[in-house]
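2 protein chains.
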Amino acid sequence: MMHEFEIYLRAYINLNGGDLDRIWALAVPKAVRRNEFLLREGDICRHKTFVMNGLLRTFGKTADGNEHILQFSPEHSWTLDAESYDHQQPSSYNIAAIENSEVLLWSKADFDGLLADIPELKSLAEQLISRNIYSGRRRLLTALSATPEEKYHEFVQSFPGLLARLPLHMIASYLGISIKTLTRIRQAQLRR
Amino acid sequence: MMHEFEIYLRAYINLNGGDLDRIWALAVPKAVRRNEFLLREGDICRHKTFVMNGLLRTFGKTADGNEHILQFSPEHSWTLDAESYDHQQPSSYNIAAIENSEVLLWSKADFDGLLADIPELKSLAEQLISRNIYSGRRRLLTALSATPEEKYHEFVQSFPGLLARLPLHMIASYLGISIKTLTRIRQAQLRR
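In order, the protein sequences belong to chains W and G. Following this note's numbering, the numbering of the first sequence begins with 1 at its first residue and continues without gaps. Following this note's numbering, the numbering of the second sequence begins with 1 at its first residue and continues without gaps.
Hints listed in this document are in silico derivations from the structure and should not be mistaken for laboratory results. Certain hints may be false.
A pair counts as met if it fits within one copy or between any two copies, since identical chains are not told apart.
[Stated by the list, open to error] Think about it this way: if two alpha-carbon atoms lie no more than 30 Å apart in a straight line, the pair counts; the simulated DSS-like pairs of lysine-lysine are: (1) 30 x 122; (2) 180 x 122; (3) 108 x 30; (4) 180 x 61; (5) 61 x 30; (6) 122 x 108; (7) 108 x 61; (8) 61 x 122; (9) 30 x 180; (10) 108 x 180.
Model the full structure from these sequences, guided by the hints.
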């Protein structure tokens with residue numbers, strides 16, 4: 001696992017061996033079974049989390065119990081609720097595994113120490129935050145303006161590898177459309 | 001204007017007089033008339049912008065020419081298109097004035113220099129980025145899950161001071177609902 005994580009990190013930043021060892025030494029590997037929660041609404045998000053393999057989702061719930069998926073986190077991506085993590089306050093969101101997954105966890109104290117001591121890691125964290133802002137803005141514009149067909153098309157373009165791994169109701173939830181509408185769009189595409 | 005800007009900065013960070021003078025010396029004040037654009041889709045976002053007074057909006061356009069408002073920027077807030085600014089690439093968004101406004105502009109080179117030399121300013125920038133991520137996530141969840149009534153209620157709670165300053169069609173565009181629906185919601189509230 002360390003070798004795989006090293007390959008991921010080295011794709012973004014130059015790290016010397018000592019820094020890599022230190023980042024790795026503070027990581028706590030954890031297996032998360034399908035449907036298991038890594039974070040529940042009301043709990044505090046205590047860890048920076050890197051997904052080694054598998055697939056997780058972040059979602060909010062409305063009063064009627066409906067799930068609204070904000071983010072999918074496949075292998076080699078990071079996940080947390082930043083607001084809860086930064087201020088160590090109860091979260092409004094849930095993070096749960098869609099597939100059996102393996103993640104690496106760092107406590108906030110440990111990761112803050114790494115960020116303070118390793119400028120390259122800090123730079124990677126800033127890159128990830130920036131990309132998060134860019135994609136969040138694009139996703140908001142899509143949510144406000146796109147037709148269901150456009151939303152689905154954009155999803156297929158952005159996450160071609162996820163389509164076959166997700167149940168329909170989760171894709172519909174992520175897109176903010178009904179399963180009925182999603183099914184109609186997919187059938188229309190098949191007929192073309 | 002400097003005194004007002006100083007009050008704003010000192011509410012968030014401790015700055016010594018020399019640092020404040022340096023930040024101020026690199027700021028270029030600009031008056032933006034109502035309906036004037038500060039950034040047009042396809043142009044590069046070259047400045048970090050602080051709104052001293054007035055009100056601006058950031059919006060994307062769809063192929064049919066419709067405006068979708070991502071953000072309102074009233075006095076004492078910052079505005080830019082981060083993706084265009086960070087990479088000095090053409091923007092997908094527009095920023096235009098809703099009211100006659102006065103803004104302060106810093107070029108990317110100047111502001112990067114300030115961030116590198118003034119840790120307190122860097123810390124403020126990080127706070128603003130974090131708040132941007134938190135509010136972006138909340139807004140996405142609202143866009144995906146809330147009823148038009150809930151969307152309007154949340155807007156009124158979040159921006160009580162903006163209601164009277166915005167034409168109805170802009171509030172509707174920001175909420176991603178039709179003017180007809182917005183009018184119905186407002187009339188129903190008045191009847192209560």
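Quick rundown of the hints versus the structure:
1. 30 x 122: within (24 Å within a copy, 34 Å between copies)
2. 180 x 122: This pair counts as neither: shortest intra-copy Cα distance 44 Å, inter-copy 48 Å.
3. 108 x 30: within (16 Å within a copy, 42 Å between copies)
4. 180 x 61: Both ways: residue 180 and residue 61 sit 20 Å apart in one copy and 28 Å across, limit 30 Å.
5. 61 x 30: within (25 Å within a copy, 44 Å between copies)
6. 122 x 108: both (14 Å within a copy, 20 Å between copies)
7. 108 x 61: within (26 Å within a copy, 40 Å between copies)
8. 61 x 122: So residue 61 and residue 122 fail the 30 Å test inside a copy (32 Å) and across (35 Å) alike.
9. 30 x 180: neither (37 Å within a copy, 51 Å between copies)
10. 108 x 180: neither (42 Å within a copy, 47 Å between copies)
Checked against the numbered hints above, the structure violates hints 2, 8, 9 and 10; every other hint is satisfied.
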